[in-house]
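Assemble chain A onto chain Z, guided by the hints.
Chains Z and A, in that order, are what the protein sequence lines are.
Everything in the first sequence is counted per this note's numbering, starting at 1 for the first residue and increasing by one.
Everything in the second sequence is counted per this note's numbering, starting at 299 for the first residue and increasing by one.
Honestly, I wouldn't trust all of these hints.
A few chain A positions that, by computed beta-carbon distances, are all more than 10 angstroms from chain Z [what the hints assert, rightly or not]: (1) 308; (2) 326; (3) 341; (4) 348; (5) 356; (6) 360; (7) 370; (8) 376; (9) 392; (10) 406; (11) 440; (12) 457; (13) 458.
The calculated BS3-like cross-link candidates involving lysine-lysine, where the alpha carbons are at most 25 angstroms apart (straight line), are [as the list claims (entries may be wrong)]: (14) 330/A <-> 107/Z; (15) 107/Z <-> 138/Z; (16) 330/A <-> 91/Z; (17) 91/Z <-> 447/A; (18) 138/Z <-> 355/A; (19) 106/Z <-> 58/Z; (20) 419/A <-> 355/A; (21) 71/Z <-> 447/A.
A few chain Z residues that don't get close to chain A, going by computed Cβ distances all over 12 angstroms [unchecked claim]: (22) 28; (23) 54; (24) 57; (25) 66; (26) 109; (27) 158; (28) 198; (29) 243.
Please keep in mind that the hints were generated in silico from the structure rather than gathered at the bench.
Ideal placement from N, C-alpha and C gives every residue a C-beta, glycine not left out.
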Amino acid sequence: MLRLLSALLLTLWAALAGAEALQQVPALQARVTDLTATLTPAQHSQLEARLAAFEAEKGSQIAVLIVPTVKPEAIEQYAMRVVEQWKLGRKDVDDGVLLLIAKQDKKLRIEVGYGLEGALNDATARRIIAETITPRFKEGKFYEGIDAGIGRIITVVVGEPLPEPASAMPDSPELLSGFGVEELLIVGLAIVTGGTWLLRKVFGRFFGAAFAGGIAGSIALFFVSSMFVAGIVGFIVFIFSLLSGGRSSPWGSGGFGGGLGGGYGGSSSTDSGWSSSSSDSFSGGGGDFGGGGASGDW
Amino acid sequence: MRLRLLALLTVIAALLSGCGYNTFQTTDEQVKAAWSEVLNQYQRRADLVPNLVNTVKGYASHEKEVLTQVTEARARVGGIQATPELINNPQAFAQFQQAQAGLSSVLSRLLVVAENYPQLKADGAFRDLQAQLEGTENRITVARNRYIKAVETYNVAVRTFPNNLTAMLFGYEVKPNFSVENEKAISTAPTVNFGK
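Extracted from the complex, chain Z is given alone in its bound form (with noise of 0.2 angstroms):
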């Protein structure tokens, strides 16, 4: 009785486990990921060079991926996850695109990231689905349905004007974002200027600075959100006021005014777009996707 009690549990729970668990997006290492040994390792790297000689030439990253199967989900769930995950494409040119395949499901979707959509639309997504990639994979020719299509895929991204492909790494990552060195700088100063003799006037020498530096510090913070850049403000205003103006305070320099904007850890770490462009390692390059392209069957 027990035992069959127990044997019920575990079907049951196995059945709601194979329910709930939606299916795994793979890490992203290479331009055509095939997890169900459909291609030929030369076919393989055929596709492989055909999309990075592209993403050399254009800018563009174009990924395949072929999976047995994206159930519970449809095909647009699943396929929105995997490029949230990858993030095909620059950054800010959202020019990536997803040929995403599920075998057994007999299901296939192009994804199109938000850049491209207007080249590559819908309808035309569905017409290279329909009219070239379906047409193949029915006669059981996956790879050429697969080479076709990233063909006319190609054609439709090489009609649109795209910034440059980047030759180097691209820009640095911003320090601050929205404010410039500059900016703050300036606003630094008249605070100093203004502030610290009156702080002085009122706390003496070193509890002016120290005030002097925190109050820096926290107005740094408010408009950077970064304890690192607010610390290193409040420190040079600190200093900055204690040495201004006659001989340097019997405490030294304790570094004391920089740490008072505390308890707030939200530091901005603004993504990095790089894409890289050597051919053996592979990642996204930060493009985003709103769900746009076609899905189809065969």
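Positioned in the frame of chain Z, the structure of chain A alone reads:
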């Protein structure tokens, strides 16, 4: 004395930067951006409807009922002023959502009706329109999901301590989120009728 004053000022400075005001600004802006995208995609769908109706009319002009329903639902959607301020008014938000859901349901009925017309289905323009409509529906889903996430972040920021005190002070309120449109339809079991 001086030290105590300093400590007090330290605490005040820390509170000012840690009160969550900045978080409100950031997340509020993200919510607005996400909402604009939702409106954008709904607008795109509404723009597709007249073309779609005309194409279907060419092959299935006697399907007057569903065609008028689509036109009416489209007019209802167009009648609502879809402004960014909508998100701060739960009532108008619900009304907007209802109108969009109405359009969704009649559009899907129109596509079902179209299935009965092989010539219509074979028409290239219709198939392109259908692909655009499907793509747009998918974009709407994506945009709504992103909006839901943005609102969640914002609402959590507004409701947690000590941010809720700041929120009260500056008048930041919890924003309405999308709910399941056909809650009732989902919870009632479908009836199968073999009579006909």
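Results for each hint:
1. 308: Its Cβ does come within 10 angstroms of chain Z, the nearest being 6 angstroms, so this is violated.
2. 326: Consistent with the label, residue 326/A stays out of reach of chain Z, its closest Cβ about 15 angstroms off (over 10 angstroms).
3. 341: holds, 14 angstroms
4. 348: Holds, since 17 angstroms exceeds 10 angstroms.
5. 356: Given that every Cβ of chain Z is farther than 10 angstroms from that of residue 356/A, nearest at about 18 angstroms, it holds.
6. 360: holds, 27 angstroms
7. 370: holds, 26 angstroms
8. 376: holds, 22 angstroms
9. 392: holds, 24 angstroms
10. 406: holds, 15 angstroms
11. 440: violated, 4 angstroms
12. 457: holds, 18 angstroms
13. 458: holds, 14 angstroms
14. 330/A <-> 107/Z: Cα-Cα ~35 angstroms, so violated.
15. 107/Z <-> 138/Z: holds, 11 angstroms
16. 330/A <-> 91/Z: holds, 21 angstroms
17. 91/Z <-> 447/A: Answer holds: residue 91/Z to residue 447/A is near 21 angstroms, not above 25 angstroms.
18. 138/Z <-> 355/A: violated, 33 angstroms
19. 106/Z <-> 58/Z: Outside the cut-off at roughly 31 angstroms; violated.
20. 419/A <-> 355/A: holds, 13 angstroms
21. 71/Z <-> 447/A: Holds, because 24 angstroms separates the two Cα atoms, which is no more than 25 angstroms.
22. 28: holds, 20 angstroms
23. 54: holds, 23 angstroms
24. 57: The assertion about residue 57/Z holds, with a minimum of 27 angstroms to chain A.
25. 66: holds, 21 angstroms
26. 109: violated, 10 angstroms
27. 158: Label holds. Min Cβ-Cβ 22 angstroms, cutoff 12 angstroms.
28. 198: holds, 14 angstroms
29. 243: holds, 20 angstroms
Hint check: violations occur at hints 1, 11, 14, 18, 19 and 26; the rest are consistent with the structure.
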